[in-house]
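Could you put together the complete structure from these sequences and hints?
Going down the list, the sequences are from chains A and B. Using the working numbering, you'd call the opening residue of the first sequence number 1 and step up by one each time. Using the working numbering, you'd call the opening residue of the second sequence number 1001 and step up by one each time.
No lab work stands behind these hints: they were computed from the structure. A quick note: this is a predicted structure, and the numbers were derived from the prediction, not measured. There may be inaccurate statements among the hints.
[Unchecked claim] Derived DEER-like restraints, expressed as beta-carbon distance ranges:
id	chain 1	residue 1	chain 2	residue 2	range
1	B	LEU1129	A	ALA115	53 to 63 Å
2	B	ASP1180	A	ALA115	18 to 28 Å
3	A	ASN216	B	LEU1129	24 to 34 Å
4	B	PHE1207	A	GLY110	18 to 28 Å
5	A	MET1	B	PRO1241	55 to 65 Å
6	A	GLY89	B	ARG1181	31 to 41 Å
7	B	SER1229	A	ASP210	44 to 54 Å
8	B	MET1001	A	HIS49	17 to 27 Å
9	A	GLY224	B	ALA1195	49 to 59 Å
[Claimed, not checked] Pairs of lysine to any residue, SDA-like flavour, derived with a Cα cap of 20 Å:
id	chain 1	residue 1	chain 2	residue 2
10	A	LYS40	B	ARG1057
11	A	LYS40	B	ALA1058
12	A	LYS40	B	ILE1079
13	B	LYS1040	A	GLY18
14	A	LYS40	A	GLY168
15	B	LYS1040	B	GLY1143
[What the hints assert, rightly or not] Here are a few chain A residues that face chain B, going by a calculated C-beta distance under 7 Å:
id	residue
16	ARG21
17	ALA42
18	VAL45
19	HIS49
20	VAL151
21	GLY184
22	GLY191
23	GLY203
24	PRO206
Just so it is clear, CB atoms sit at the ideal spot from N, CA and C, and this is done for glycine as well.
Number of protein chains: 2
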Amino acid sequence: MPNPTAAMLVIGDEILSGRTRESNMNHLAVQLSAHGVDLKEARMVADDHPRIVEAVRALSSHYDHVFTSGGIGPTHDDITADAIAEAFGDRIDVREDARALLAEHYARTGRELNAARLRMARIPDSAALIENPVSIAPGFTIGNVHVMAGVPSVFEAMVASVLPTITGGAPLVSESLRVDRGEGDIAEALGELAARYPDVSIGSYPFLLDGRHGSNIVFRGADGARVRSALAELAALMGEPE
Amino acid sequence: MPNPTAAMLVIGDEILSGRTRESNMNHLAVQLSAHGVDLKEARMVADDHPRIVEAVRALSSHYDHVFTSGGIGPTHDDITADAIAEAFGDRIDVREDARALLAEHYARTGRELNAARLRMARIPDSAALIENPVSIAPGFTIGNVHVMAGVPSVFEAMVASVLPTITGGAPLVSESLRVDRGEGDIAEALGELAARYPDVSIGSYPFLLDGRHGSNIVFRGADGARVRSALAELAALMGEPE
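Right, dumping it as structure tokens:
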């Protein structure tokens, strides 16, 4: 059975303006890979209601799971929760279970649960909360979409809360071989190898280091013995140590 | 007149598997911002022919420009050029102008222009070449899509080749103010400010540092005086130095 598929949707002007480097996608990719879920696509859109609705609908109908990051805080530019509710045609308002979590947290830390913070308890009616052990304000899962915060420490904690609820497949085995030759010198051998190992994905990632060309060849597949066999064949051919 | 819009399409399994951190998007975002082009969306897809065709068609019909990175090398997993040609219904084959560039380069560096390397001269009929001063194999522009390499040094050189050919708008002025309070404490003031400055985009980016909450508030707009005025109002309100 093929692994479940997933997409990520990163929401936020700061990534597209170049001000902030996106870092949650790499974390999610590594975690999903270990869990046997294949991340197939990622999209980044601005804090723009119609674009978020459109992207959520497109991705949730194409993939088994969608993971979003960003736009669920207390400020005016945090519009993700409302956009997701619209994408699913669900009602959204301050929900009592989320409000209670925030009330307890702010009472304990001596801060005010004001109107702005209360926005973080806006949760679609049919959603399940995602636990946030870092800063309490929860994420939520609606349909096949998991809605999480953009702050990396909170995002990572929410991924850890969500992943155990998702049925994964076989984790892929991944091995790589560095070859100190340009891609043009190894492409033919690589193409032949790929044709004989249709069950192993073979990727070639060239680099330029001190003016010299080299490539990292990455072998990925569900069957570890096949992955290692493909790598060993290439290493022997190239005279490289495995 | 509003600025021209753009999208980026990152092509390559290595990003989605988590093996490689994507880094070209941030470079492009910064360059476009300075050139007065608004990056509105980014997508990342695997080395998968139908998904590349679909993404190129969707993005090129939505935005003024599309910039792609990855998948134009000599190996079997470099399928971008053929997918782009199909997206535009154009014919693709080894093109004489690109072949001549490669032949001269490999003759000069004493390497063989073999069949694999010749694949890098596969260019759609109606495309214009993008100069690659780093490793010669060109990118290309077809319609409103600019097709570039994934290796960062080559990608950056190609962006520098393409940008002068694109008509930009007014570069956005961007200023930021760090506020050492949680978003929940400033959200109301921020919302009021945003309503009074509809021409300034005001974004709030929370952080957690040593267990304390803070926010970077970013003001962006075409009119520098308005941007600075909005920032000054918030700084006065918060008692923060500008």
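*Return holds or violated for the Cβ distance of GLY224 (chain A) and ALA1195 (chain B) against the range 49 to 59 Å.*
holds (58 Å)
*Hey, does the PRO206 (chain A) contact hint survive, CB to chain B under 7 Å?*
Interface hint status for PRO206 (chain A): holds (6 Å vs cutoff 7 Å).
*CB of SER1229 (chain B) to CB of ASP210 (chain A), is that within 44 to 54 Å?*
holds (49 Å)
_Status of the given 55 to 65 Å range, CB of PRO1241 (chain B) versus CB of MET1 (chain A)_ = holds (60 Å)
*Given the range 31 to 41 Å, decide if the beta-carbon distance of GLY89 (chain A) to ARG1181 (chain B) lies inside it.*
holds (37 Å)
*asked:* Quick check: does the Cβ-Cβ distance between ASN216 (chain A) and LEU1129 (chain B) fall within 24 to 34 Å?
replied: holds (28 Å)
*Would the hint on ALA42 (chain A) stand, with a C-beta cut-off of 7 Å toward chain B?*
holds (4 Å)
*Are LYS1040 (chain B) and GLY1143 (chain B) close enough, with their CA atoms no more than 20 Å apart?*
holds (19 Å)
*With chain B as the partner, please determine if VAL45 (chain A) meets the hint condition of a C-beta pair closer than 7 Å.*
At 5 Å from the nearest chain B Cβ, VAL45 (chain A) passes the 7 Å test, so the hint holds.
*Against chain B, run the beta carbon of VAL151 (chain A) and see if the smallest gap drops under 7 Å.*
Status holds, d = 6 Å.
*Given the hinted pair LYS40 (chain A) and ILE1079 (chain B), is their alpha-carbon gap at most 20 Å?*
Roughly 17 Å separates the two Cα atoms, so the pair holds.
*Given the range 17 to 27 Å, decide if the beta-carbon distance of MET1001 (chain B) to HIS49 (chain A) lies inside it.*
Holds - the Cβ-Cβ distance for MET1001 (chain B) and HIS49 (chain A), about 24 Å, lies within 17 to 27 Å.
This entry does not satisfy hint 19, going by the numbered hints stated previously; all others are met.
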